[in-house]
Amino acid sequence: MSTAAAPALDDHDHDHHAGPSPGLIRWLVTTNHKDIGTLYLLFSLTMFFVGGAMALVIRAELFQPGLQIVNPHFFNQMTTLHALVMIFGAVMPAFVGLANWLLPMMIGAPDMALPRMNNWSFWIMPFAFTLLLSTLFQAGGGPAGGWTLYPPLALQTGNAFPFVILAIHMMGISSIMGAINVIATILNLRAPGMTLMKMPLFVWTWLITAFLLIAVMPVLAGSVTMLLTDKYFGTSFFNAGGGGDPVMFQHIFWFFGHPEVYIMILPAFGVVSQIIPTFARKPLFGYASMVYATSSIAFLSFIVWGHHMFTVGMPLAGELFYMYATMLIAVPTGVKVFNWVSTMWRGAMTFETPMLFAIAFVILFTIGGFSGLMLAIAPADFQYQDTYFVVAHFHYVLVPGAVFSIMAAVYYWLPKWTGHMYNERLGKIHFWLSVVGVNVLFFPQHFLGLAGMPRRIPDYALQFTEFNMISTVGAFLFGFSQLLFLYNVVQTIRGGAKATDQVWEGAHGLEWTLPSPPPYHTFTTAPEVK
Amino acid sequence: MEIQETTPISISVANRRLVKRLLLITVAMFGFGFAMVPIYDVLCAITGLNGKTGGRVAAVESSAVDEARTITVEFIASLNVGAPWEFTPQVNRMQVHPGQYYQTHYLARNLTGHALVGQAIPSVAPGLAAQHFQKIECFCFTRQIFQPEEGREMPVVFRIDPNLPPDVHTVTLSYTFFRVDDAGG
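Those protein sequences? They're chains A and B, same order as listed.
Mapped onto full-length UniProt numbering, the consecutive letters of the first sequence carry residue numbers 1 to 530.
Mapped onto full-length UniProt numbering, the consecutive letters of the second sequence carry residue numbers 1 to 185.
The reader is advised that the hints may include incorrect statements.
Unchecked claim - Every beta carbon over 10 Å from chain B, so not counted as near; a handful from chain A, in silico:
| id | residue |
| --- | --- |
| 1 | Ala60 |
| 2 | Leu114 |
| 3 | Trp120 |
| 4 | Gln156 |
| 5 | Asn188 |
| 6 | Lys198 |
| 7 | Met226 |
| 8 | Leu284 |
| 9 | Ala348 |
| 10 | Leu450 |
| 11 | Arg456 |
| 12 | Glu466 |
| 13 | Leu484 |
| 14 | Gln491 |
Said to hold, decoys possible - Using C-beta positions, here's what the derived DEER-type ranges look like:
| id | chain 1 | residue 1 | chain 2 | residue 2 | range |
| --- | --- | --- | --- | --- | --- |
| 15 | A | Leu450 | B | Ile145 | 50 to 60 Å |
| 16 | B | Gln147 | A | Thr311 | 49 to 59 Å |
| 17 | B | Leu23 | A | Leu486 | 30 to 40 Å |
| 18 | A | Pro126 | B | Asn92 | 54 to 64 Å |
| 19 | B | Arg21 | A | Glu528 | 24 to 34 Å |
| 20 | B | Leu23 | A | Ser289 | 29 to 39 Å |
| 21 | A | Asn159 | B | Phe34 | 19 to 29 Å |
| 22 | A | Thr350 | B | Arg21 | 38 to 48 Å |
| 23 | B | Val157 | A | Leu450 | 21 to 31 Å |
| 24 | B | Ile136 | A | Gly158 | 15 to 25 Å |
| 25 | B | Ile145 | A | Asn159 | 30 to 40 Å |
| 26 | B | Leu107 | A | Phe299 | 32 to 42 Å |
Claimed, not checked - Some residues of chain B that are not near chain A, with every Cβ distance over 12 Å (derived):
| id | residue |
| --- | --- |
| 27 | Ser63 |
| 28 | Arg93 |
| 29 | His114 |
| 30 | Pro148 |
| 31 | Asn163 |
Hint data in this document are derived by calculation from the structure and do not stem from the laboratory.
Keep in mind that this is a model prediction, so the values were computed, not measured.
Glycine included, every Cβ here is placed at the ideal spot set by N, Cα and C.
Kindly generate the complete structure, drawing on both the sequences and the hints.
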């Protein structure tokens with residue numbers, strides 16, 4: 001009955017059933033979701049190492065008090081660019097890459113709904129990051145006022161400023177197009193029988209993430225546009241001398257910024273919800289509650305931005321509102337953690353590399369969640385604000401949170417994508433080095449912050465030396481361990497033991513019914529979902 | 001063969017309709033970012049949350065002076081980056097009774113050899129005290145023109161509204177001086 005759904009995309013692409021174009025031009029002109037997924041993932045991996053190198057510069061300078069390696073201005077460029085590169089260059093494109101590879105295969109679609117726009121949304125990214133990173137080589141250097149771009153400090157950026165703003169505009173356009181594509185694919189291209197409540201959880205979390213993206217990326221674009229006109233066109237949105245207010249920027253920015261942190265973690269929730277049932281050999285506990293919990297988190301993310309601004313001066317009622325609303329997020333998040341643990345409960349568990357990363361995600365993300373609850377307490381936040389405690393908190397949710405989930409996803413689906421098994425022994429070594437490294441790196445930062453060490457400074461008081469040294473050792477251990485990951489991925493792409501179609505004994509879902517590696521075009525005939 | 005549920009035509013029509021709607025949301029949210037500017041100003045004007053006293057003369061009804069209550073008013077002066085003035089309050093603090101009028105001065109001197117135009121922006125802390133801090137006369141109401149090297153006293157006449165919340169004992173009035181002629185950007 002569904003055989004004729006196949007030519008759905010022919011009006012976009014007349015050589016749809018042909019293979020890829022020969023040579024390197026393939027990657028430039030491709031409209032194939034698998035090719036574009038690969039491009040996104042490789043781009044993200046590159047940016048992960050670029051941003052990681054910046055992090056190592058920061059940690060090397062902080063190994064000892066005093067200034068040893070870089071000057072403060074360059075240090076500030078490193079903190080600013082590390083954040084921008086990791087958020088917009090590494091984490092977000094990695095999830096878009098996973099979405100491209102997996103969404104059509106998971107819902108039984110032949111491709112993404114808008115393949116040409118898909119190509120465009122990827123190819124904007126290298127240009128955006130060329131603009132952003134080129135500022136490092138300009139007179140005056142790159143942006144150094146922090147990734148949050150608070151005025152008036154950010155307005156003191158030199159010639160790099162318009163480059164940064166336009167790079168952010170381009171990243172935003174790319175993300176919005178990607179999000180539109182994801183929504184159109186999920187809502188319009190599901191195979192017959194694939195009802196919304198039968199979709200794999202990764203698809204669900206991406207659908208919600210995509211709505212968050214189209215709701216807040218335009219707000220970020222608006223706020224940086226206002227910065228641009230304030231600097232060059234004489235407007236006074238944030239200039240008190242002209243009747244504006246710099247605090248307003250913080251409101252607009254964090255209206256984007258808080259949903260943004262869920263944009264980076266909801267797909268991670270989806271990935272972990274695919275992996276844990278596979279290796280626990282049990283269906284996911286509480287599927288429907290997972291969907292509702294994800295939606296609740298997405299909704300709440302719009303009304304809690306004030307918790308980033310407790311110390312700017314807010315009336316008591318505002319502090320209380322943002323405090324309680326923020327704490328409310330712990331409820332749906334707790335539901336999710338409970339469900340993951342319950343899925344593992346009495347399961348026939350095995351501990352292959354993806355499962356190790358997924359379990360580490362559950363434990364370490366929860367630690368990051370708890371320090372987040374501490375930060376949500378408005379009176380306590382006056383102590384924690386702008387200290388290393390905040391740095392420790394958001395790195396716990398982003399590195400062993402989002403980044404570990406991406407690595408788990410790569411180990412989990414790489415055999416499907418390449419047709420080869422990765423080196424399990426090497427994968428486990430990579431996992432253990434990473435999990436030890438990441439905790440040695442970030443756990444001492446909690447103590448540094450509670451003791452009063454401010455963030456974003458290249459020098460510090462002597463009593464902070466030991467914990468900073470430990471943190472730096474962890475940083476280099478974690479950073480260099482990622483070379484094992486790179487090696488393992490490259491070796492798996494080049495060859496290795498043949499993977500079966502199902503790959504993992506407990507894996508369920510449409511993507512595991514396809515051959516490994518899947519042919520260039522899959523589900524040109526929609527499968528039927530019972 | 002049965003009739004298809006989803007024909008190619010219907011999918012591309014559905015895609016186009018969905019993309020249009022999603023683009024509409026995108027544009028609306030871009031507009032919402034800008035709409036937050038007037039919303040913010042209106043909210044702050046109504047609630048006085050951000051300590052803005054407004055650059056205008058307060059409409060004051062006369063009311064009894066509350067001799068029983070003493071409030072400390074602190075005066076702060078700061079210069080925006082690149083504002084070439086010397087700028088200080090005449091006194092750093094005053095003890096005042098709510099309802100009574102007081103006058104003080106700020107001193108400003110142009111440190112350059114050419115004429116300058118400046119604008120002082122007031123801010124009151126705690127923020128909720130702002131609407132109870134009433135200025136009858138203030139150099140912040142207008143732009144201030146300074147001849148080369150000119151220095152002068154600039155008066156502020158104010159009073160604290162007796163309705164000031166009882167838990168407020170200290171009110172801080174801060175002025176930041178901005179250069180607003182063309183050269184100051």
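State, for the Cβ atoms of arginine 21 of chain B and glutamate 528 of chain A, whether the hinted interval 24 to 34 Å holds or is violated.
holds, 29 Å
Just double-check leucine 484 of chain A for me: nearest Cβ-Cβ distance to chain B has to come out over 10 Å.
Holds, since 41 Å exceeds 10 Å.
Please test the hint of 54 to 64 Å on the beta carbon pair from proline 126 of chain A and asparagine 92 of chain B.
holds, 57 Å
So is leucine 284 of chain A really clear of chain B, every C-beta pair being over 10 Å apart?
Consistent with the label, leucine 284 of chain A stays out of reach of chain B, its closest Cβ about 28 Å off (over 10 Å).
Taking the beta carbons of isoleucine 145 of chain B and asparagine 159 of chain A, is their distance inside 30 to 40 Å?
holds, 33 Å
Does methionine 226 of chain A clear chain B by more than 10 Å, comparing its Cβ with all Cβ atoms of that chain?
Methionine 226 of chain A is in fact no farther than 10 Å from some Cβ atom of chain B, at 8 Å.
Run the C-beta distances from alanine 348 of chain A to all of chain B and say if the shortest one exceeds 10 Å.
holds, 39 Å
Within 50 to 60 Å or not, the Cβ separation of leucine 450 of chain A and isoleucine 145 of chain B?
Given a distance of about 52 Å, which is inside 50 to 60 Å, the answer is holds.
Does leucine 114 of chain A really sit off the interface, with its C-beta more than 10 Å from all C-beta atoms of chain B?
violated, 7 Å
The output says arginine 456 of chain A does not contact chain B. Does that hold with a beta carbon cutoff of 10 Å?
holds, 19 Å
Check on leucine 450 of chain A being off the interface with chain B, judged by Cβ distance over 10 Å:
Correct as stated: the minimum Cβ-Cβ distance to chain B is 28 Å, above 10 Å.
Consistency of beta-carbon spacing, phenylalanine 34 of chain B to asparagine 159 of chain A, with hint 19 to 29 Å:
holds, 26 Å
Going down the numbered hints, you'll see the structure goes against 2, 4, 5, 7, 16, 23, 24 and 26, while the others check out.
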